[in-house]
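Please build the complete structure, drawing on both the sequences and the hints.
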Amino acid sequence: MHSRFLHAYEAIPQEYRKTVEELFPSGPHPAGEGPAVEAAENFAGILGIRAEYKRLLDTQRSDRDLAQFLGHFQNNLDLLIQKTWVEKSDEARKDKLQDRLPGFIADIERENYRKALKEFSGILEELSHLLFGAQSSRDDFAEYVFRIDTQMGLFWWYGGQIGRFKPAGDGNQGAWSNDPCKEGLWAVLLLGICYLTNF
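Numbering-wise, the sequence shown is residues 5 to 203 according to the working numbering.
Be careful, since some hints might not be right.
Said to hold, decoys possible - Straight-line distance between alpha carbons at most 25 Å, and here's what the computed PhoX-like set of lysine-lysine pairs gives:
id	residue 1	residue 2
1	100	122
2	92	58
3	186	58
4	58	100
5	58	122
If you are wondering where the hints come from, they were derived from the structure by calculation, not from laboratory data.
The following block contains the structure:
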């Protein structure tokens with residue numbers, strides 16, 4: 005998904021470009037380095053979710069607050085999917101998308117953030133199709149959403165970028181709890197979860 009978003013960088017308002025570039029530099033992250041937590045916090049600010057984002061980022065991941073928040077996220081996304089009007093031919097896509105959510109939540113709970121980001125990228129691609137129809141697969145999709153709303157445009161642009169943090173192999177191998185990029189990956193993942201919980 006992200007290749008069609010790369011040229012959309014020009015649609016990003018000038019005042020946000022420094023923040024965007026800090027979170028998603030134009031080149032690859034150096035080996036062993038993930039996204040910076042501070043850059044993710046700044047991005048949360050331009051998405052309009054800084055207060056809740058900061059509160060959740062500082063919460064212990066085993067904490068009951070996080071479990072409750074993930075429950076709210078899943079409920080809100082379920083409602084969004086259910087309430088979205090689609091053509092008859094897309095009804096099955098809604099069901100498949102809802103079926104993906106428990107596995108995604110389970111990856112978060114296991115702290116396998118690379119796999120969760122990969123899955124979240126796919127979830128966002130499907131969700132954009134349900135919300136925007138065929139427009140979501142056009143090359144100018146990001147620019148289209150920026151014209152509707154800047155924060156929404158930034159969110160869908162973010163959705164196109166998170167595929168950069170792919171797991172090695174199938175994402176099930178290795179000790180992801182020892183991933184040196186774990187905190188930064190969680191910070192990036194939390195951005196999308198917070199935004200959609202308040203969408």
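Could you check the structure against the hints above and give me the numbers of any it violates, in ascending order? 2 and 4
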